[in-house]
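A.B. asks: Residue numbers (the working numbering), protein chains in the order written: chain A, 1 to 245; chain B, 1 to 245; chain C, 1 to 245; chain D, 1 to 267; chain E, 1 to 267; chain F, 1 to 267.
In case anyone wonders, no lab produced these hints; they're calculated from the structure. Be aware that one or more of the hints could be misleading.
[Unchecked claim] Stretch by stretch, here's where chain F covers chain C in the computed footprint (C-beta under 8 Å, at least three residues):
id, stretch
1, 25-35
2, 94-108
3, 210-218
Fair warning: this is a prediction, and the values are worked out from it, not measured in the lab. Beta carbons: idealized from backbone N, C-alpha and C, even for Gly.
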Amino acid sequence: MGGRESTLVLLDKNGIRCDGRKVTEPRRIMIKAGVLKNADGSAYIEFGDNKIIAGVFGPRDVHPKHMSNTDTGIIRCRYHMSPFSVTERKNPAPSRREIEISKVIKEALQPSLMLEKFPRTVVDVFIEVLQADGGSRCAAIDAASVALADAGIPMRDMVCACAAGKVADTIILDVNNEEDQAGQADMPVAYMPNLNKVTLLQLDGVLTHNEYKKCIETAIDGCKLVYQIQRKALTDKFFENGGNQ
Amino acid sequence: MGGRESTLVLLDKNGIRCDGRKVTEPRRIMIKAGVLKNADGSAYIEFGDNKIIAGVFGPRDVHPKHMSNTDTGIIRCRYHMSPFSVTERKNPAPSRREIEISKVIKEALQPSLMLEKFPRTVVDVFIEVLQADGGSRCAAIDAASVALADAGIPMRDMVCACAAGKVADTIILDVNNEEDQAGQADMPVAYMPNLNKVTLLQLDGVLTHNEYKKCIETAIDGCKLVYQIQRKALTDKFFENGGNQ
Amino acid sequence: MGGRESTLVLLDKNGIRCDGRKVTEPRRIMIKAGVLKNADGSAYIEFGDNKIIAGVFGPRDVHPKHMSNTDTGIIRCRYHMSPFSVTERKNPAPSRREIEISKVIKEALQPSLMLEKFPRTVVDVFIEVLQADGGSRCAAIDAASVALADAGIPMRDMVCACAAGKVADTIILDVNNEEDQAGQADMPVAYMPNLNKVTLLQLDGVLTHNEYKKCIETAIDGCKLVYQIQRKALTDKFFENGGNQ
Amino acid sequence: MASVLDELKRKEIVDLLAQGKRIDGRAFDQPRPLSIETGVIPKANGSARVRLGDTEIVTGVKIQPDKPFPDLGDKGIFICTAEVLPLAHPDVEPGPPGEDVIELARVVDRGIRESGMIDMSQLVLEKDKSVIGIFADNSVVDHDGNLFDACSYATTAAILSCKVPKWEIKNEAPVLVEGHESAPPITTIPVSVTMGRIGEHILVDPNAEEWDCIDARITITTNSDGNICAIQKGGNDGFTVEQLLKCADISASAATKIREKLKQTKG
Amino acid sequence: MASVLDELKRKEIVDLLAQGKRIDGRAFDQPRPLSIETGVIPKANGSARVRLGDTEIVTGVKIQPDKPFPDLGDKGIFICTAEVLPLAHPDVEPGPPGEDVIELARVVDRGIRESGMIDMSQLVLEKDKSVIGIFADNSVVDHDGNLFDACSYATTAAILSCKVPKWEIKNEAPVLVEGHESAPPITTIPVSVTMGRIGEHILVDPNAEEWDCIDARITITTNSDGNICAIQKGGNDGFTVEQLLKCADISASAATKIREKLKQTKG
Amino acid sequence: MASVLDELKRKEIVDLLAQGKRIDGRAFDQPRPLSIETGVIPKANGSARVRLGDTEIVTGVKIQPDKPFPDLGDKGIFICTAEVLPLAHPDVEPGPPGEDVIELARVVDRGIRESGMIDMSQLVLEKDKSVIGIFADNSVVDHDGNLFDACSYATTAAILSCKVPKWEIKNEAPVLVEGHESAPPITTIPVSVTMGRIGEHILVDPNAEEWDCIDARITITTNSDGNICAIQKGGNDGFTVEQLLKCADISASAATKIREKLKQTKG
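Sequences are here, hints too, so could you generate the full structure?
C.D. replies: In structure tokens, the structure reads:
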């Protein structure tokens, strides 16, 4: 960000990116709902080279009790990376980065949940990054939202997430790892498509005000693509189960 | 284990081991019961160069309370090594090895205790290794069992422990430190002699099925020797106190 | 202490110390009471190059509850150094030194407080060393005692603190950093001037019994000087507030 | 768990907002009074004491040779931490930092880092082996809301006021060259502006009472060119796109005055 | 503290055992269906996803140069860890590993290590100074009992599927030689078989419901020669010598099929 | 929270003191019986088992080459720790040391260090690079009050009984020279004497029952010359100057016999 040099051609003269994608083309996304036996709800996502699993428990009693709220349910979130998920083996203890991402994911998901229906309880969202690539927090949110729906938690909307960014002075959709390292800006966005609200927004890198606007709009277009894939994952599971029963 | 090389002669042509012992001869064992003032029961053991002290408190209230069980008493066990107990000074914080040994010792002792008589309580067994040698977990169990008897905890049986192993293709009793490092197998065993049950069994190293059988039998013979020494320690304390009062 | 060498002239032939002070002259001391908005009481001290802020909360409920005492209130104290307070950046986690100093400061302040009037409560004293110099524990006590008075906690007496020491075979008042490093002894003292009691006394370095006596007396003279400055700080705040209201 | 008193306070704040007023009388886009004092910790290489309303921060910067991060051997090191001292607020407990404080430190750190404020390529002593590290530690001494901006200003001012010592590599180790301090290599001055949303209202620099009522918040950092260089959305609700665009405008405009004030702290 | 429901379940399991049946219909010496997929984490040097019944593990192996352990300068390094992820079971809490998980990792580690599966003497780059380290990390994603065997199979498969990079020592530091990966030096394939005792019955590979009822358990690992190379007894009761001998026989026989399956994962 | 039993015990102790008696029959200035046994841990370089009344300590000293502290390149290292084992008293819980135990270790450490007992300048292998480190670890196995003195005597005896190995620097690394052990460079023998004040009474070496009743305590360490080399006041009340002077006299006088006993442990 902010002037990192690179010999990588991030965007060629035909507008093709380093991994062969067009400017507004996302990476391959695959979501599967209901992948775990014990969790109340779960989902697995492959988003580019990200491989992430999300499991949900709740609404359930809160331990320790002093954390519970008599007015509403609460949500807790843990975003964690397996030691083998990145090139250099990662220490299994949660890093400051993982703690911050856990917090922003929690705040991205919370507006979608009708927690006020379940006072004194907690919904626990556990996210494990088995393999990490650029955009892992967005992919994590996409999986977690499907897992929450799979758990049957009453929801106002899905939360779908996708990043936009800037490379070679161009606004692009869905920043990959190389583009994140060598590019000019990365802006992860989470979005509720029916309520039309942005619930996560971060930015690393420099943007003019016009680029800022275009970046948000591009990311939201990506979120809407993700939304269709989330819906399909839930539908697939519903009919698969229907078929089995 | 499993092929470590050594210039040490572990077994000479006369069947004599590196420390002068015969194949089925244990090291020197000395146990003294009732060595601490504050503990409800205690024992000190010297087993080869092991010097270990065990102290027992309980049955007593459980803190934190959520650990207690309304149906039965529980046992907790801490096996800990003093920083000066080994050649290289040891960090005083409990290592993963100490945590695992604490757990297997707890499970070795538990079958001997009538904990069901004391619901909602805990028996705490604290073991401090002042000097460590091969076979410290067995020596620790031997001392802890005497300390439990010394504390007057109702018991079904004593637990006595001794290792067997394999050096120079021969099954031997009571593996010392050099034999553990350079030998072929080490198998610590804990045994209740009256109930005829093995309550701890571990193996590092490779054994055929026949050697496995012989190793268990050899170790149990050693346990029976230890049992006599445990009994004597308790008797000595009883009469010593009797004599004093 | 105890023989550290130095090329520094700690005391010249005119009896002037390395920072220009006379033997019984303290460094510049400035105390201001009521410097924080949220704390129930607070004070800021500059004592030589020490810059320390103290904040007090309470009497208030104790968490966790099992720490509370049905017979009396309790006091807790945290002495902490900001990472930038010393020449080499300090790890923000509390060191063993900070934990010990927290304890001796707590015990120095406690005799001055009528905690028995407030059973089941706690008075929390938080001390932050923004810049550290020799004698920081004494300066911390001086600020904390003013903060306690500022919080309106009923007190039997103020606690004032000042060190004495030995350099060039001479007993001096208020040891600075260089004198602490290169000198022969440092003796921090806390004192209640009206109750005539010493509530903190430590010594690093070697003193004869006569020197020991002289050191205590010198330090107490310093404490009495500090006492006047503490009183002035409280008076200033009282009239300043009076004037404002 | 909202108490009855909290509820009354919230109602008061919301009712006033409906009348176009904030509880402390400020305009919606007006930050609290800001005072900046530098050089307050002479033993640090740079330092600042910042008051933003009743929120107060003391920040010290230490500069020392260090090893570079792997794969970043041609850049110096910048690390920013924060501690909310237990004397800053009755609810703060001593102990390791919670998620709020970790987020605070990381957001302040990113605002400085992503703006490129410090030209890190000028802080290399020997490529891949030895670089200059800048450690900025924020001690929050009074907490009356919006620690993001207060810590950001204090960190920026402390860096601007720094004297960077000189080291030379001798026998593969950095050796201090006395008496050759210089100003840090500054390229731009980032300014963080945090806004809270209560209903439809966007409030710049919420104080503690307002902070407890906000639906969502956003911190937008702009550089000297007026461009946006870091963003962090927080809070338990979202923003519409229109609100996000409005926030960017407010942020750029509020930043101008604050940047002027920060410039004056340059050593 | 056993609930009424737990008691009923226990009674059902024990009653069925008396009739020679297990609750999920398996034979006493029959492990649950085992599926092994390797190469699931391309960024790792080796990886495997194992399902044993409804217990599921993802294991990644990282290979990198390291310093040897003191006094073991002629051997590479092998380290095995395990984390039971909180999404694997409602009772798991995030945080540092408890005694159960520490035992799990150490038992899996010993099964690999004591079998001599990997010829560690072939992993030396420069004696006493630089060796190859193999780090196997197990992430338990679904916990339906008997993590010992599931993690052991996943670790073994991940190792078997590894590509070991090549390093050369240049200027006393290991340098990666691109494009020269090789299979790890495997000497034998250890197979862990865990058995639970309920009363007089020995059950291979207990599932979670059975696990809650066992009096004692034993994990016996055998190598490709059928010899025993690691044992761990656990649980709150003991075994007779006869039971221990029977368990060794069961273990050797159950291991054969599983070893064949593991062999097929060899890269 | 004082129980009724505690209150009765306190009353008994105070009433006896008014009659000039201590609860265990000792004179006010009389420490409990002291027994010292050295060489109890042959694997350590020095060791001691000390009983002071019913308080019992086992202390081991390890000696090994280490890096010097920064700015103290011409001195060896001395580090002293203490752990009150959970078997020493029913109230002790396992876990990291609390403030009491940290104070204990630091007070024992300072008594040794500030007396100059060990001539640290003789423990240098190569200035600024390699020195000899002496690590004294105290394990409290029975806690009947006054751990300060008991740990101090055990540490002192363990050090006096040490055999210091010889190292030579070869290729910039320390290499052990077998068979050349020597006595540590001892300059003086510090003796710690702890006194408790109950009302006007000063009691030397309070036992656990007395310890629970003391208003304040003070530990005064004197060296072989009878000079004072370390002090630590503790407890929740203060001392008058007169009491402090009296304590210094008591301490010097009580130390003499104990020093004689410690001298006999010299190797």
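A.B. asks: For each hint, tell me whether it holds in the structure or not.
C.D. replies: Now for the hints, and whether the structure bears them out:
Counting residues of the stretch 25-35 of chain C whose C-beta lies closer than 8 Å to any C-beta of chain F gives 0; at least three are required, and the coverage claim is violated. Three residues within the 8 Å Cβ limit are the bar, and the stretch 94-108 of chain C against chain F gives 8, so the coverage statement holds. As drawn, the stretch 210-218 of chain C meets chain F at 4 residues by the rule of a beta-carbon pair under 8 Å; at three or more, the given contact holds.
Taken one by one, the earlier hints fail for this structure only at number 1.
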